[in-house]
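Chemist: Here's the letter readout for the chains.
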Amino acid sequence: MKWARLASIVFLAVVTVVCLLANVVAPDSYAHQFRDVPDAAPSHQHLLGTDDLGRDRFSRLLFGTRVSLLLAPAAALLASVLAAMIGGVAGFAGGWVQGGVMAVTDLFLSMPWLFLLITVRALLPLNVSPLTSVAITFALLGCLGWATAARVVCANARTLRNSDFILLAQASGCSGFRLLIRHLIPNLMPVLYAQFWISIPVFILTEANLGILGLGVAEPLPSWGSLLRELEGFSTLSAQPWQFVPLILLILTVSCFHVATQKLEDWA
Amino acid sequence: MQTPPGYSMRRILQLMARIAVVLVLGGFCGATLVRLAPGFGTSEEELDTRLSQGSVEALRQAHHTDESLGGFYIRYLGQLLHGDLGMSETFQQPVRQLLAERFPETLKSVGLGLVLAWVAGLALAVVAVMSRLWLVDLATSLLASILLCIPAAVLALLFVFAQAPGRLALGLIVFPKIFHYAKNLLAQSAMLPHVLMARAKGAGGFRVLVWHILPVAGPQLLALAGVSVSLAFAAAIPVEVLCDLPGIGQLAWRAAQGRDMELLVILTMIVTLVTVVANSAAELLAQPMRAGDA
Numbered sequence: 001m002k003w004a005r006l007a008s009i010v011f012l013a014v015v016t017v018v019c020l021l022a023n024v025v026a027p028d029s030y031a032h033q034f035r036d037v038p039d040a041a042p043s044h045q046h047l048l049g050t051d052d053l054g055r056d057r058f059s060r061l062l063f064g065t066r067v068s069l070l071l072a073p074a075a076a077l078l079a080s081v082l083a084a085m086i087g088g089v090a091g092f093a094g095g096w097v098q099g100g101v102m103a104v105t106d107l108f109l110s111m112p113w114l115f116l117l118i119t120v121r122a123l124l125p126l127n128v129s130p131l132t133s134v135a136i137t138f139a140l141l142g143c144l145g146w147a148t149a150a151r152v153v154c155a156n157a158r159t160l161r162n163s164d165f166i167l168l169a170q171a172s173g174c175s176g177f178r179l180l181i182r183h184l185i186p187n188l189m190p191v192l193y194a195q196f197w198i199s200i201p202v203f204i205l206t207e208a209n210l211g212i213l214g215l216g217v218a219e220p221l222p223s224w225g226s227l228l229r230e231l232e233g234f235s236t237l238s239a240q241p242w243q244f245v246p247l248i249l250l251i252l253t254v255s256c257f258h259v260a261t262q263k264l265e266d267w268a
Numbered sequence: 001m002q003t004p005p006g007y008s009m010r011r012i013l014q015l016m017a018r019i020a021v022v023l024v025l026g027g028f029c030g031a032t033l034v035r036l037a038p039g040f041g042t043s044e045e046e047l048d049t050r051l052s053q054g055s056v057e058a059l060r061q062a063h064h065t066d067e068s069l070g071g072f073y074i075r076y077l078g079q080l081l082h083g084d085l086g087m088s089e090t091f092q093q094p095v096r097q098l099l100a101e102r103f104p105e106t107l108k109s110v111g112l113g114l115v116l117a118w119v120a121g122l123a124l125a126v127v128a129v130m131s132r133l134w135l136v137d138l139a140t141s142l143l144a145s146i147l148l149c150i151p152a153a154v155l156a157l158l159f160v161f162a163q164a165p166g167r168l169a170l171g172l173i174v175f176p177k178i179f180h181y182a183k184n185l186l187a188q189s190a191m192l193p194h195v196l197m198a199r200a201k202g203a204g205g206f207r208v209l210v211w212h213i214l215p216v217a218g219p220q221l222l223a224l225a226g227v228s229v230s231l232a233f234a235a236a237i238p239v240e241v242l243c244d245l246p247g248i249g250q251l252a253w254r255a256a257q258g259r260d261m262e263l264l265v266i267l268t269m270i271v272t273l274v275t276v277v278a279n280s281a282a283e284l285l286a287q288p289m290r291a292g293d294a
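Line order of the protein sequences matches chains A and B.
For what it's worth, the working numbering labels the leading residue of the first sequence as 1, then goes sequentially.
For what it's worth, the working numbering labels the leading residue of the second sequence as 1, then goes sequentially.
Keep in mind the hints are simulated off the structure, nothing from the lab.
Backbone N, C-alpha and C define an ideal beta-carbon position, used for all residues, glycine too.
Check before you lean on any hint, since a few could be wrong.
To be verified - Here are the in silico distance ranges between beta carbons for each label pair: (1) Gln170/A - Met197/B: 44 to 52 Å; (2) Val104/A - Ser141/B: 32 to 40 Å; (3) Ala41/A - Leu77/B: 36 to 44 Å.
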C-alpha cells in the first residue's frame, strides 16, 4: 500500500498548494456577486457555475478549502499542545494528580462530542464577523478535542516515567520541570505527532457537520461546512450535479488523510 | 477461573462512584455554564424605563442575578435533585416536559441505529475476517472507509434526498466505526496460536468463530458497544435536525440557536449520564469474560 500512501500525500500536497494560492488561482473573490447570473451552469467564466446569490462556486470552493485545510491543522495543533500539557503532566506526576486528570478526561470522553460542542458554541456570540466565527469554531475544536490524545499521552508518559534514562536523570539531581521539558516531552513527540495527524480529518468532518447545522463559519466566508449547506436544496441537486463537487473533494481529502496516516494510527 | 464475588461488588461500587462523580462534576460544569451565560437572570421587564432603580434591583434579586457561583450551584443542584429541571426560554415549557416528549423518540432512533450498525458492522467484519479473501476484505473496507469520510450531516441529507427513513441514517453513521474496530479485533484474535491450531486440526469456520475467536474478542467488543452509544447520541443531532425527527438532538440544536443554556446543559448532562451508564454496564459485563480468559 506504499503507492496508495504516496498518491494520497501527493494529492494532499497539490490541494494544499492550490488553496494557498487561492488569491491567484481563483477567478473571482469568494463574496463577489454576479447578480445577472444566479444559479448559472458551469461555463468558461464560472467553472462550477454560480450559487443562488451569483457567487462563483469554484472561487468559493478554493477559499473554503483553504479555510478548512489550514484551520483544521491549527485546531489539531492546539489540541495536541493541550494533550501534551495535560496528559504529560498527569502521567509524569502519577498518583492523585493522574487520577483526577484522568477522571476529567473520562468525563470529556463520555460526553457525545457534538452535544458538548454546540453547548459551548451556544455560550459564545452567534452573530459575529466571519473571521471571528472561523476563530471561534476552530479554537473550540482544539480546546474540546484534547481528551483522546491526552489519554494516550498520559499512558506513554507513565511508561516513560519508569524508564532507565528518566531514573538516571532523577538520580543526577535533575529537577521535575527540567525532567518534563528536556526528557519526557521530547520522547512523547512521536505520539503527539501521530495524534496531531489523526485529529485533522476528525476536525475537518466536525467543522463540516457544524457548518451544515448553521453553527460553523459565518457567511460570506466559505468553508467546507458552509459549502455543503447548499446540498440542503436537494430539489435542485439532480439538475445541478456539480453542487456535489465540494462533497467529493471533502471525501477525497479525508480519505487521503486516513490513508496517509494509517501507519500513525497504529502508533497511536 | 471464577471472579471472586468481593471483587465484582467492589467494581460495581467503583462504577457507581464514577457515575456519582460524573453527576457532581457535570452538574457543576453545567451550573457554571448557565450562570456565566450572557443574559443570565435578566428579564425584559428590566428594560422598562419607567421602573426605578429599586424596582430593577428587586427584579434582579428575584432572578438571583447577584448570587455567587457557589450559592447558585447549591441551589441548582438542589433543584435538580427535586426533579425541577428548569424552564426552557426557547420553548417556554418546563425542560422536564420537553424531555418526556422528546427523549423516547431519540431512544427509538438511537436503539434502531445501534441495532442496524451492529448487525451490519459485525456481520461484515466476520465475513471479511473468516473468508480470508482479499477481494472481500477490500470491498468491505472500502465501503466502510467511504462512509467514514462522509460527514454525518451529509449522510442525513442524502437520506432526506432519497426519501428513506432518517433513523436508518443513524445506523449508517455508526456502522463504519463498529466495522473498523470489530474487524481489527477479530483479525487479531484470528491470528492467535490456539485459533491457528484449531484451524490446523480441521475445525470448521463457524466453530472457530464461536468457540475460539469471539470469546477472546468479546470483552473488547463489549467495550466498543459502550462507546457506540456515545457515537449514536452524537450522530442523533444532525440526523434529527435534517430528517425532522422530534428528538433531543433536534431539541439541542434549537436550544443552541436560541442560546437556551438551561435546556442545553440538562440535555448534555442526561446524554452524558446515559453514555456513562452504558460504558459502565459494558465494563461490568466484560469483567466475567476477562476473568474467564485469565
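Chemist: None of the hints should be skipped; say for each whether it holds.
Modeler: Results for each hint:
no.	hint	in the structure
1	Gln170/A - Met197/B: 44 to 52 Å	holds (46 Å)
2	Val104/A - Ser141/B: 32 to 40 Å	holds (35 Å)
3	Ala41/A - Leu77/B: 36 to 44 Å	violated (59 Å)
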